[in-house]
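Listed here are the chains, written in short residue letters.
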Amino acid sequence: MAGHQDVRPDATVTPDVAIEAQGLSKSFGEVRALDDVDLTVPAGIVYGLLGPNGAGKTTLVKVLTTLIQADSGSARVAGHDVEEDAAILRSRIGLAGQYAAVDENLTGFENLEMVGRLYHMGKGPSKERATQLLERFDLAEAGGRPVKTYSGGMRRRLDLAAALVARPPVLFLDEPTTGLDPRSRIGLWETIEARVEAGSTVLLTTQYLDEADRLADRVAVIDHGRVIAEGTPEELKDRIGGECIEVSLADGEAGEDAVAALGPLADGQPPRVEGRTVSLNVRGRTGLVVEAVRRLDAAGVGIEDIAVRRPTLDDVFLTLTGRAAEEAEEEQAA
Amino acid sequence: MSTASIRTATADTLVITRRNLLRIPRAPDLLIGFTVQPVMFVLLFVYVFGGAIQTPGYDYVDFLMPGIITQTIAFGGYLTAVGLNEDLRKGLMDRFRSLPMARSAVLAGRTMADVVMNMLATTLMLGVGYAIGFRFATSVPEILAGIAILLLFGYAFSWIFALMGLLSSSPESAGALGFLIVFPLTFVSSAFVPVESMPDGLQAFAEHNPFTIVVDAVRTLFLGPPADYAVWPAVAWSVGLVAVFAPLAVWRYRRASST
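Protein chains in written order, with my numbering: chain Y, 1 to 334; chain W, 1 to 259.
In short, the hints are calculated from the structure, not lab data. Watch out, some of these pointers could steer you wrong.
[To be verified] Across the chosen pairs, the derived CB separations fall in these ranges:
1) Ile143/W / Arg145/Y: 41 to 49 Å
2) Pro184/W / Phe28/Y: 51 to 59 Å
3) Ala87/Y / Phe183/W: 36 to 44 Å
Each residue gets a CB set at the ideal place from its N, CA and C atoms; glycine is no exception.
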C-alpha cells in the first residue's frame, strides 16, 4: 500500500524537538485566539497546556494538527511544517478530541479498522491493529457492538485508541478526561504514561490542574491567547514562591475577619476565602503558622485546623491569571 | 494529480463509502425512510389518488413510477445532509481532517454511499411497481439509460444536500431545509400529475422545473410513446447541478470545523 512505510515512527528521523512553534497568531473576527505564541516541546515527554476555556488551547491544537491555518507564524511537528508538509505531518500524529470523535453507528472494531485504512496501513494490518488495541483498552468484548451502546468512559478509550492506531510519534490530546468519572480518568492517565514510556510525545490540554501536575513533565499556561508562563510544574510553583497556609474556620461567617487578621502575612495576593477555608501565600519565614494562630486568636476568630502546604498548580494559575481555573471557566460560559 | 494520489483518493473514498453503508442497518429510522416509506407512497398514489388523476395515454401506475422514483432518489441526498452535519457536530470531521487521507474522500465517499442506497431504493420500487402492474415498454439499453439518469440526478442532489449539511446548524435543520426545497419542486412537476392539468402560472414553472425534465426523459426511456422527450436536457441539468454544487460543498468542507 502506498505510504505504508510512512506511518511507523522512525527513531532515526524523529527529531529531539517534537513540536516547535514561533509567533503563531490566529484571530476569529475580533477575537484574538492566539497571540504570538512560541512553544517548544522536547520529544518523549508529556507537555501540558493549561488555561481556562476560550484561552486558545484548542485553537493551538488545531493549528498544530493542520485542522486550521494560523494567520501568521510558523510551526513544525515531528520535523514537518504544518502548512508545507501537512500531508506527511498527518501521518505522524494522532489526535483525540474533546468530543469522542468516533462513529456511533459503527462497532468499536469497525471504527479502528477504518482509521487504520485511512492511515493507509492496508487491510490485514488494520484489522490486526484494531484487535490489538481493543484488547489493550479493555474493549475486546464490546468491540463487536455499535459505539452508541458504549458508556462515556468506553467511548473515550476508543477515541484514544483511534488516535494510537498508526503508533504516531506525536500525540495530541485535547481535554481527554473532561466529563470522565475518577476511575476512568486514572485509567486514561496510565495509558498516556505508557505511551510516553514507549517513546511518544504527548501534548495534553486540560483544565484540571491536578491532571497536569500528575502527568506533565512541562507545562505552559495560556490565557487570552498568550503563553503567560512555561516550565516544569515545580519551576512554576517555585516561581510563585513560598508556601501556602490554609486555615479552616470554626465559623463560616468569620471569613472577612480572618482575611483582615492574616492580610499582613500574605505575600503578593491577599488571602482568599472559599467556604470555611482561608488560604494565603507566604514566603518562607519560620514561625508564620504560630503568628497566624496568634493573630486569629487576637481577632477572636476560632479555627478548626491550620496547615502549611506547597503551592499547587491551582495556586500558580490563580497568581498568574488573577482567577481560579474554574471561575475563569464559568466566566467564559456566562 | 499523480497516479499514486488518485489511487489513494479512490481507496480512501471506498473506505468512507463502506463506513456510510455500514451505518445504515444500524439506524433503523433511516432504513425505513428509504424502504418502507417509498413503497408506501407508491401504493398510496396508485390506489388512493390514482383513480382521480387523468393520465391520457398511460396507465397511472406506469405514469407514476418514473416520477416517484425520481422523488425518492432526490431525497436520497438527505442522508448526506444529516450524515455530514453529524460528523461536523460530533468532531468526526476533525478526526478525518487530521488523518493522512485524501481530502476529497469524505464528501466523495458520502455521496457515493447515496448512489448505492439509491440503487437499492430503485430496485425495490421497481419490484413493487412490477407487482402492482407497472411494465417497461422499451428495450433493455433504454431502460438502463433511464436508470442511469435517475442515479445521476440523485447524485446531483446529494451534492446539494452536502452543502446544506455543511451549512446547517444541526442535522434536523439540514434535513428540514432539504425537505423545504425538494418537496415543492417534486410536486410542482410532471412527477405525479400531467403538467397540463395545472393552472397557467404553475404550469409555466412546472415545464421548466428540472424534475419535469428528468421525469419526462425517464418516462420516454421506460415507456416510449406517447412519451417522447429529449434525454440530453436531463443529463445536462444533472451534470450542471454537480458542477455548481460539488465545488461549493468542497469549498465549505475546507473551511468547516467543529468550532
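Against the structure, the hints come out as follows:
no. : hint                            : result
1   : Ile143/W / Arg145/Y: 41 to 49 Å : 42 Å, holds
2   : Pro184/W / Phe28/Y: 51 to 59 Å  : 37 Å, violated
3   : Ala87/Y / Phe183/W: 36 to 44 Å  : 42 Å, holds
The earlier numbered hint that this structure contradicts is number 2, and it is the only one.
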